[in-house]
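Starting from the known structure of chain A, fit chain B onto it as the hints suggest.
Number of protein chains: 2
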Amino acid sequence: MNFEVLHTDGAARRGCLTTAHGPVATPAFMAVGTAATVKGLTVPQIVASGTEIILGNTYHLMLRPGAERIARLGGLHAFMNWPGPILTDSGGYQVMSLAALRTIDETGVTFTSHLDGARHDLSPERAVEIQDLLDADITMVLDECTPFPVSEAEAAESMRRSMRWAERCKTAFRVRPGYGLFGIVQGGVFPELRRESAAALAEIGFDGYAVGGLAVGEGQEAMLAVLDATVPSLPADRPRYLMGVGKPADLVGAVQRGIDMFDCVLPTRSGRTGQAFTRRGTLNIRNARHQEDARPIDPECACTTCATHSRAYLHHLFRADEMLGPILLTVHNLYYYQALMADLRGAIEAGSLADFAATFASAQAQGDLPPIEGNTL
Amino acid sequence: MNFEVLHTDGAARRGCLTTAHGPVATPAFMAVGTAATVKGLTVPQIVASGTEIILGNTYHLMLRPGAERIARLGGLHAFMNWPGPILTDSGGYQVMSLAALRTIDETGVTFTSHLDGARHDLSPERAVEIQDLLDADITMVLDECTPFPVSEAEAAESMRRSMRWAERCKTAFRVRPGYGLFGIVQGGVFPELRRESAAALAEIGFDGYAVGGLAVGEGQEAMLAVLDATVPSLPADRPRYLMGVGKPADLVGAVQRGIDMFDCVLPTRSGRTGQAFTRRGTLNIRNARHQEDARPIDPECACTTCATHSRAYLHHLFRADEMLGPILLTVHNLYYYQALMADLRGAIEAGSLADFAATFASAQAQGDLPPIEGNTL
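Residue numbers (our numbering), protein chains in the order written: chain A, 235 to 611; chain B, 235 to 611.
Just chain A, same shape as in the assembly:
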């Protein structure tokens, strides 16, 4: 799996990751497609957002419709008709957050499905096998996402088991051109553990390195501190992926620290609940002040939602519980995220990332558009 750094600006990198299903411009945001669908969007809508790579969830797909079934139907790309690259997580995080009756030991994880109560085993080897059945371009190692808060001793024990699992995943992984396996750095908020984990993974050798166990309640400051402690220990010639992050400001801060890839449910999940992202921060479209506002969510946005629909209409759709509301807001939010990533890539190319970050922060702090002068509606 080829990765090329094309430009740098401080610690930030503008690169290109080449997968079996095409190239990805980095820094990249991966839309979350949990159950073989980016919720509410058709494939042309995903493409139109500027999304080049999506994330599938092993936990959900192994339970329904099943990895073997997806393999018989030609793999996840064919199954959902997504032509581009796919990264799948290992299932470990969802087992911890969604499954019932889970037990974890050196072998792996045993858990009960949240869907039908059936028992399942997930070992490092099975996690890799499932992702191979799914035909994931990027396979993630099985790890334990250390909870927060946790003691340093517990974080160390958990991280070291994850490192042993990472080695077993490397052994189990079937090497193919354009397909890659990423290791995951753990160690909680403890810099020494993070460095130990990064070194252990680099020693095993992976196609990319993820920073896991963040965005679990530690806050932005602690998260960026972990990146400061971790990223310098990661191999410079391989992509770096910050898992499950985050808000727009998190992405900017992490890109400034050398992160190349992200995934997060925020743009899609927020879109379904009425929260919109804009250059001036977030707004809730259900708020009554939008009910006769003929302006788009974000007048500077080039997405189809902003080009064709008013806040008043979106407000109505959400108040009336019409599914088109979540669809149109998801279209906007994902476009916003991808436009931000494109802006970040452009700023790195131009060597102006610090300026961009400052302008971004002051625009976000402005708050939503003021009411139109003289509008008595």
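Just so you know, nobody snuck in bad clues.
Some, not all, of what chain A presents toward chain B, calculated at C-beta under 7 Å:
| no. | residue |
| --- | --- |
| 1 | Pro299 |
| 2 | Ala546 |
| 3 | His550 |
Please keep in mind that the hints were generated in silico from the structure rather than gathered at the bench. Think of the CB as a built atom: it goes at the ideal place given N, C-alpha and C, for glycine as much as any other residue.
Structure of chain B alone, referenced to chain A:
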């Protein structure tokens, strides 16, 4: 409002209705856009289905977001960004079926909103005013949709009041080029009452004539018998609209009897619950036999859903309660309906409607595709 009959085949007509927002090829199927949205579809998806005209529901829109608000936002076309023609119903039918505490007298209807319990009055004059505020290309008169079953005396009394209301609507209607007012024939399943109603409306004079009070449980045979009794009494130079109908076979039978326009929630509502329409009848995509079927819903269908997604994938989406399932199936069903209307128009032009209807009926009777030979999945 111009209407031209271009071809006939028996009682069937191939025509063109010209509205303020563009032409409509008839016989036409109007997609139902109750609350200023065809549920689950973006405007480009509605256009791609072949839909030329949509229906909005006065009852829903007057309650939320309100007719005056839509008028301040530029009318219903601007509000939902639908560039084509819109027909609005009068609200009468939904008042009867959805509102609580309704009372009806010569003045009109008083009812309590199902949303917030607020009291509302709907008179013939107010129904026309609301539709004018919405900027409907086609306004429907306020009528009472006579329930089924009902005695002939009750049907007569109800129908005659609707005729008096129709005259008041005609008086209240603001005449503008490209905008029209349709009368509605009532009279239950009683041929004499239907003929009396049709004659009364023709005497008042409308831009089009609807047949109302059907598809309320009387069955296809009784419905077609009402058309046989009614359509010959309607002015030949004006469009005829069968309200709230129906299944594909109903459309074929009604077109053969000279109906030019239809609306029905079936393609969209069925799409949300997993029922798909095909040339070989209906199927329920939730059925387990589709779970590894890589074929499209209908191999002869040219919609984007059939071009890009398998039954197995759609089955998965519905089983996983993913909103993309209803979206993709609504896309297919509405396309199916519009393709059927295009086929009907082509058959009338070719003078082969009887042959088309016979071929249609035998294909529908076939049932779903057999499993693929040797497919052990």
